[in-house]
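**Student:** Working from the sequences, and respecting the hints, build out all of it.
Line by line, the protein sequences are chains A and B.
With the numbering used here as the guide, the letters of the first sequence map in order to residues 159 to 917.
With the numbering used here as the guide, the letters of the second sequence map in order to residues 159 to 917.
It is possible that some hints are incorrect.
The list makes no distinction among identical chains, and a pair is therefore deemed to hold if it is satisfied within one copy or across any two copies.
Computed list of lysine to any residue pairs in SDA-like fashion (alpha-carbon distance at most 20 Å, straight line) [as the list claims (entries may be wrong)]:
#1 K476 with P454
#2 K642 with E754
#3 K546 with E202
#4 K642 with E755
#5 K917 with A818
#6 K385 with R775
#7 K373 with L455
#8 K752 with S619
#9 K385 with T276
#10 K776 with E680
#11 K373 with Q445
#12 K373 with W460
#13 K740 with Q750
#14 K373 with E459
#15 K247 with A500
#16 K546 with E248
Keep in mind the hints are simulated off the structure, nothing from the lab.
Protein chains: 2
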Amino acid sequence: MQRSFLALLIIVSFLHSAMANPQQAGADPSLFGFSSQHAQTEREWESKFRALPNAQKQRDYMQLLSARPHHVGSPYDKQNAEWILARFKEWGFNAQIESFKVLFPTPKRRLLELVAPTRYVAKLQEPALQEDPTSNQRDEQLPTYNAYSRDGDVTAPLVYVNYGLPEDYERLQRLGVSVQGAIVIARYGNSWRGIKPKVAAEHGAVGCLIYSDPKDDGYFGGDTFPKGPMRPDQGVQRGSVMDFASNYPGDPLTPDRGDPNAPKMTASNAPSITKIPTLPISYGDAQPLLAAISGPLASEEWRGALPIPYHVGPGAAKVHLVVESNWDVKEVHDVIARLPGATEPDEWVVRGNHHDGWVNGAEDPISGQVALLEEARALGELLKQGWKPKRTIIYCAWDGEEPMLLGSTAWAETHGRELQEHAAIYINTDGNGRGFLALEGSHSLEHFMTEVARSITDPESKLSAFERDRLAGIAHAKSEEDRKELRQRPDLRMNALGSGTDYTAFVDHLGIASLNLGYEGEDEGGIYHSIYDDFYWYTHFSDTDFAYGVALSQTVGTAVMRMADADVLPYEFTDLADTMQKYSKDLQKLLQTKQEEAREREQELNEGAFRATLDPRKPTVDPPREDIPPHLNFAPLENTLELLSKSAEHYKAAFSKAQASGFSGGEQQLTALNQKLLESERRLTDPAGLPRRPWYKHLFYAPGVYSGYAPKTMPGIREAIEQRRWQEADGEIARVARVLENEAALVEVTAKELEAIAK
Amino acid sequence: MQRSFLALLIIVSFLHSAMANPQQAGADPSLFGFSSQHAQTEREWESKFRALPNAQKQRDYMQLLSARPHHVGSPYDKQNAEWILARFKEWGFNAQIESFKVLFPTPKRRLLELVAPTRYVAKLQEPALQEDPTSNQRDEQLPTYNAYSRDGDVTAPLVYVNYGLPEDYERLQRLGVSVQGAIVIARYGNSWRGIKPKVAAEHGAVGCLIYSDPKDDGYFGGDTFPKGPMRPDQGVQRGSVMDFASNYPGDPLTPDRGDPNAPKMTASNAPSITKIPTLPISYGDAQPLLAAISGPLASEEWRGALPIPYHVGPGAAKVHLVVESNWDVKEVHDVIARLPGATEPDEWVVRGNHHDGWVNGAEDPISGQVALLEEARALGELLKQGWKPKRTIIYCAWDGEEPMLLGSTAWAETHGRELQEHAAIYINTDGNGRGFLALEGSHSLEHFMTEVARSITDPESKLSAFERDRLAGIAHAKSEEDRKELRQRPDLRMNALGSGTDYTAFVDHLGIASLNLGYEGEDEGGIYHSIYDDFYWYTHFSDTDFAYGVALSQTVGTAVMRMADADVLPYEFTDLADTMQKYSKDLQKLLQTKQEEAREREQELNEGAFRATLDPRKPTVDPPREDIPPHLNFAPLENTLELLSKSAEHYKAAFSKAQASGFSGGEQQLTALNQKLLESERRLTDPAGLPRRPWYKHLFYAPGVYSGYAPKTMPGIREAIEQRRWQEADGEIARVARVLENEAALVEVTAKELEAIAK
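**Tutor:** Here you go:
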């Protein structure tokens with residue numbers, strides 16, 4: 159291609175983007191929620207802020223904070239909390255440590271052996287590597303285990319259950335294989351790990367092994383550590399298996415620390431402890447076990463990357479599993495640091511990342527913690543230069559995230575009432591990597607966060623983080639429709655919040671609008687929750703020059719400042735309404751698909767299609783007959799969504815006018831308006847909570863009872879459909895509609911207040 | 159479920175099938191192409207026939223025919239031919255051996271070694287196994303090699319090219335990797351093997367290794383031989399890499415034996431010899447080579463099941479490859495056996511299966527050959543009982559199929575003129591297995607073959623072979639549309655004929671309506687073209703009781719008898735017209751997709767989407783800009799297809815009436831009609847042949863220049879579109895339309911003759 163032609167193309171391309179995304183052109187200095195005067199001041203302070211985060215400092219912090227294992231209850235965990243506290247204080251924050259007592263089991267006895275048809279004793283030990291200087295700190299390392307596994311000593315036949323999800327058991331049923339009385343071996347992945355022992359126990363298994371298949375994060379994905387970033391053969395993923403999604407996260411003994419009437423539990427009756435003993439293992443340990451299994455061959459999607467045929471069992475393979483923990487109560491240390499707001503101290507912007515790790519935890523969580531620290535240091539610098547945040551900013555370094563959000567949940571529950579009164583937003587990170595800005599959050603923040611992403615320069619492409627995300631979306635889109643949306647919709651779509659990190663209590667329990675942010679997508683790795691997640695690994699295989707660490711500080715810090723300084727809290731409701739419309743459509747499609755599948759299955763059973771395809775050497779059982787799902791009444795939801803869309807459009811127009819007028823109403827009027835807006839996410843909750851899990855109050859986002867971290871949207875309706883509880887589904891539709899009507903009313907009222915301000 | 163309810167369901171189900179498929183009810187004794195009186199006689203003879211094929215005899219034949227290696231030129235190959243000849247004679251056939259001289263290279267020198275960064279000398283040897291009594295016949299076994307690989311001695315860097323298809327090289331180009339001057343290593347699968355060295359040479363490679371990845375037929379698919387049926391680590395797939403699809407199959411030195419003017423070739427200038435030295439290897443030999451490659455990681459779809467990261471290269475890995483053959487002329491021995499027709503001796507039904515193997519060849523080809531032999535024996539029995547076929551039946555046991563259809567091509571070319579005058583059908587098999595009846599063939603035979611499949615009882619399900627296929631189609635259908643068609647269309651859809659077995663010269667070169675049949679789909683195996691394809695393997699892991707061997711005899715024998723005895727040749731043209739409509743739609747969709755993809759690519763290049771997603775640690779090159787494909791004129795084709803559909807409907811109605819009238823015209827009228835009908839497949843050919851490969855005369859079915867065995871339908875048009883030759887595509891559309899117009903005219907004329915008969 160000729161150079162002049164190329165140059166022309168670049169110009170055409172630039173014009174195209176500039177036209178499609180007018181806010182990118184740089185000419186428009188407006189900021190959503192700011193009068194034009196305040197927007198200019200804000201942009202100046204933000205520019206100054208973004209020049210401050212420093213890569214070398216992040217590197218130094220990481221080296222220090224990950225120098226030794228720092229899990230809950232370890233000396234270095236406490237030492238890190240105190241060091242972080244000292245930094246916050248040094249940077250001008252009003253900081254303190256808040257400590258909470260929590261149940262945190264640690265390994266006492268672990269044994270896994272194949273006892274038939276041959277014998278193999280599992281190593282259950284990650285070896286130190288010469289190249290990796292912190293991998294040999296065995297005395298301080300937590301052994302490989304799944305926290306909150308029930309104690310047990312069982313010997314039973316072994317059955318391979320793929321990822322161990324409900325649909326995997328349906329498949330086993332078709333093969334005529336039962337796990338009743340068996341020990342199952344499931345591979346990590348495709349769900350949160352705790353789902354695997356939960357579902358196994360529901361099907362009668364007596365023990366559960368979870369292994370890291372090399373297909374998922376081992377050699378299949380590249381060279382293994384220390385040559386490359388992937389999991390070596392004896393690497394093990396530790397992790398909590400607390401059944402938080404069906405119950406509550408945080409300390410199993412205190413279902414809701416903020417509620418004086420909550421029942422008190424013991425380790426033996428706490429509902430979030432697993433029902434069967436569970437142990438994570440390496441693929442080095444898994445291979446002899448899997449190779450010993452006979453019985454039907456696993457279907458193609460079930461097979462991993464070990465050089466063996468994957469059989470399902472049961473057969474001669476029998477294993478002996480012993481898991482025993484010290485069921486001790488330990489202390490977690492949250493570091494809480496405040497910058498009081500100058501004019502609206504009662505409106506809070508909360509920002510957090512945990513500091514505890516499973517072992518040295520350089521990537522998880524220190525790569526996020528160092529970004530947070532550099533934000534805090536930079537905000538401290540701005541304070542010295544005269545910047546005064548309008549609202550109160552609270553920086554939190556959580557402890558006990560790994561066992562299952564112990565520190566953040568305890569703090570959020572303890573301060574629940576204040577938070578519900580004051581918190582405008584909670585912004586979370588939990589580690590970082592290279593690549594694309596991943597956005598998850600409350601959809602009233604979608605417009606806000608898109609605008610922030612337009613302000614950040616991606617270190618590799620030099621495009622804005624927004625533009626890189628948008629173009630990556632186009633490049634990877636699965637349909638023409640998706641590409642069209644990416645080309646036309648001004649805002650990026652944010653994913654819903656599930657769980658697995660510290661925003662959970664904020665959004666799900668308290669109804670605080672939340673965000674979860676991080677850069678990701680360019681580096682594979684297989685050191686998650688192993689001793690190899692350390693400084694050596696991170697500085698060789700991830701964001702080695704901390705360029706994305708700096709970008710994350712810039713991104714989150716900009717969001718914190720903009721939220722703290724806005725004249726009117728920058729929530730936006732047309733994106734919310736649009737998203738809710740989408741969810742409603744998704745649910746109706748889900749139901750329709752289930753109906754069609756059930757009809758088709760019935761017809762095939764009647765035709766004898768399953769019998770006809772049966773190979774007598776590989777016998778299968780017909781799938782069970784199921785009732786065809788009834789039609790559900792989505793009308794109340796659809797009607798309320800119309801209402802919400804209208805109010806949101808009204809709000810948007812009123813907001814524009816009010817912003818153009820410079821939000822010229824008095825301070826008091828704005829305070830009153832913001833107080834109402836603070837309510838907007840709370841309105842999406844119901845004090846009664848979700849069916850069978852009242853701790854979860856948010857009716858639009860929740861972790862899935864059978865997916866764990868992955869979000870379920872409109873979970874009450876969705877899970878009722880998925881689990882075939884039709885009456886409950888109808889009831890939940892009506893409840894969601896009522897709650898949305900309330901939300902629409904709030905949006906309408908605030909729209910009118912904005913109109914009054916604009917006059 | 160309660161028993162009475164189940165019984166009801168079975169009745170409902172039965173009624174449903176009976177209604178949907180009236181011919182299945184058993185009440186209708188009519189046969190397409192037969193008067194009702196003849197239909198009854200035919201059905202009686204066919205029933206007698208189907209009781210005759212014997213499993214034990216098939217087993218005995220197999221044990222004998224696969225007792226020793228029997229490749230072209232080997233003593234046992236000749237001995238088998240003579241033994242088969244003796245059987246035909248014994249059973250009352252007029253049989254003889256026709257021999258032809260052909261170029262058949264065999265290994266002289268083979269060497270493969272990794273010379274950097276470490277050293278590994280490939281074993282290139284399949285070990286004998288104690289369990290398997292014929293695996294130790296090393297003196298008679300052909301070593302592992304690719305026949306018709308050019309000789310060569312090259313040392314070069316190694317590059318992994320996935321399956322080695324054109325799209326794989328596009329991917330390499332995006333990674334900035336060139337194979338110029340390199341030796342490539344490709345995995346078997348996803349195309350005929352000879353495509354791999356062809357495409358590699360086109361991209362400048364100097365050598366080609368082809369290995370069997372365990373993902374494709376090794377341990378990924380189950381236990382390996384001898385514990386299970388899959389390929390063991392040193393098992394190798396031999397096979398021809400003759401470039402037949404771009405040139406011609408059969409002896410490379412005689413481009414068309416039937417054409418006295420065809421040029422004579424030598425081994426050094428024959429166009430169908432590969433351009434670069436090529437060698438097949440085991441995964442045992444491949445693993446050290448692949449593990450030594452560095453450079454970019456292969457994308458996920460490129461990775462096989464070896465326990466290593468798959469890198470693309472090039473890097474330090476360098477290999478030394480030596481391939482040298484004895485370029486000898488050998489003799490192939492076709493056994494040709496005739497049963498003369500009683501009343502229409504000049505109309506021929508030809509049926510064949512090859513007898514040569516790469517080594518012991520129990521599955522390939524003997525499992526098909528023993529079915530053929532039992533058909534022949536049974537027909538001989540019927541003769542004794544007084545059955546007289548109306549038409550001449552010719553049974554053929556081909557030699558030299560493995561090197562590339564040497565025996566069948568030589569015979570078909572030699573007898574080309576007679577065959578074009580007399581042959582009503584060629585029915586091929588090439589081995590057999592358990593499961594579902596696989597149907598490939600000329601679409602004027604779709605109705606005929608569906609009717610045959612309704613007459614055969616599947617040994618496992620006891621359904622008709624038709625019904626089992628139909629229900630399996632429903633069970634595995636990918637879309638509601640496909641299921642609907644399977645539930646409503648009375649005939650099964652047949653796949654088009656590609657190549658890779660002995661029907662090629664008949665259909666592609668001579669234009670004789672052909673079928674290729676076999677049972678398959680229930681057994682995996684990894685012994686294809688290895689020393690382990692033998693009696694031990696077959697009788698442990700495939701159709702161990704020869705139940706499907708018997709079913710295949712019944713299926714093909716029924717087709718042979720019915721075709722030989724019909725009053726009017728049972729071609730049917732609405733299925734043909736329907737299929738051609740479908741092909742035309744497919745081509746238009748292909749063009750449209752290419753246009754959309756090109757437009758999208760251009761837009762993404764303009765937007766900078768590829769640059770935006772670039773990870774600087776994994777650099778990629780933008781895809782090249784391509785012109786957007788122009789619109790093509792499909793109107794002539796669409797118009798002619800309307801014409802063909804109308805004529806076909808006319809023919810169908812006239813045929814029905816004539817059949818109802820008992821085909822009451824005189825013998826002479828019927829003979830004249832059948833002579834015209836014999837032309838119907840020939841009319842789909844053009845003497846000029848396909849662009850750049852004139853040997854291929856059929857304009858509707860051909861092997862793909864870049865797919866090999868897999869068929870290309872309307873290949874002149876399709877490959878012009880795929881290879882972006884737009885002007886040629888427009889020309890080919892017009893040519894196909896002209897040929898179809900001719901076909902429609904023939905159908906119209908014969909319809910009128912049928913109407914005359916019916917009066």
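**Student:** So, for every hint listed, does it hold in this structure?
**Tutor:** Against the structure, the hints:
1. In this homomeric assembly, K476 and P454 come within 20 Å of each other (Cα to Cα) only inside a single copy, at 16 Å, whereas the closest approach across copies is 41 Å.
2. When the C-alpha separation of K642 and E754 is checked against a cutoff of 20 Å, the pair qualifies only between copies, where the shortest distance is 13 Å, while the shortest distance within a copy is 29 Å.
3. In this assembly of identical chains, K546 and E202 lie within 20 Å of each other by CA distance solely inside one copy; the values are 13 Å within and 101 Å between copies.
4. Proximity of K642 to E755 under the C-alpha cut-off of 20 Å is restricted to the inter-copy arrangement: shortest distance 14 Å between copies versus 30 Å within a copy.
5. Within a single copy, K917 and A818 get their C-alpha atoms as close as 11 Å, which meets the 20 Å cut-off; across copies the closest is 90 Å, which misses it.
6. Taking the shortest alpha-carbon separations for K385 and R775, only the inter-copy value of 16 Å comes in at or below 20 Å, while the best intra-copy value is 44 Å.
7. Taking the shortest alpha-carbon separations for K373 and L455, both the intra-copy value of 18 Å and the inter-copy value of 14 Å come in at or below 20 Å.
8. Taking the shortest alpha-carbon separations for K752 and S619, neither the intra-copy value of 43 Å nor the inter-copy value of 30 Å comes in at or below 20 Å.
9. For the homomeric pair K385 and T276, the shortest alpha-carbon distance between copies (17 Å) is at most 20 Å, but the shortest distance inside one copy (33 Å) is not.
10. For the identical chains of this complex, K776 and E680 are inter-copy neighbours only, at 9 Å across copies versus 42 Å inside a copy, given an alpha-carbon limit of 20 Å.
11. Taking the closest pair of Cα atoms, K373 and Q445 come within 20 Å of each other both inside a single copy (13 Å) and across two copies (17 Å).
12. Within a single copy, K373 and W460 get their C-alpha atoms as close as 11 Å, and across copies as close as 13 Å, so both meet the 20 Å cut-off.
13. Taking the shortest Cα distances, K740 and Q750 sit within 20 Å of each other inside one copy (15 Å), while across copies they are farther apart (30 Å).
14. For the homomeric pair K373 and E459, the shortest alpha-carbon distances inside one copy (11 Å) and between copies (12 Å) are both at most 20 Å.
15. Taking the shortest alpha-carbon separations for K247 and A500, only the intra-copy value of 19 Å comes in at or below 20 Å, while the best inter-copy value is 108 Å.
16. Taking the closest pair of Cα atoms, K546 and E248 come within 20 Å of each other only inside a single copy of the chain (18 Å); across copies the shortest separation is 107 Å, beyond that limit.
Comparing the model with each numbered hint stated earlier shows that hint 8 is the single one that does not hold.
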